[in-house]
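Here the numbering used here is used: the first residue of the sequence shown is 68, the next is one more, and so on.
All the pointers check out, no bait thrown in.
In the DMTMM-like style, the derived pairs of lysine to aspartate or glutamate whose C-alpha atoms are separated by at most 25 Å in a straight line are: (1) K71 with D106; (2) K126 with E136; (3) K118 with E136; (4) K116 with D106; (5) K126 with E112; (6) K71 with E109; (7) K116 with D69; (8) K73 with E91; (9) K71 with E91; (10) K118 with D106; (11) K73 with E112; (12) K71 with E112; (13) K116 with E70; (14) K116 with E91; (15) K116 with E136; (16) K73 with E109; (17) K73 with D106; (18) K118 with E91.
FYI, nobody ran anything at the bench for these hints, they're computed from the structure.
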Amino acid sequence: MDEKTKLLVCLGAATAANCIPCFEFYYGMAQAAGVAAGDIHEAVECAYKIKNNINMLMKNSIRNFTGQEGDACPLPSDKCSPKCGS
68 MDEKTKLLVC LGAATAANCI PCFEFYYGMA QAAGVAAGDI HEAVECAYKI
118 KNNINMLMKN SIRNFTGQEG DACPLPSDKC SPKCGS
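Using the sequences provided together with the hints, build the complete structure.
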């Protein structure tokens, strides 16, 4: 894996982990390595998609425990688990 790709993975992981110091560190490294701003934004958006899906799963699990209807699954219908929502 090339260095720029590794830095993008690190930025996505830092975003998913909500670690601002980690993001700042790897962002500085990415800038120094010449990683394009658009690539950084794309990596961050990928991390947000994963985080949003996990948050939806947690929200729906709590709703299921309390006897409420879950929200619609954010994934395509053929990829959703029955526990993901309606």
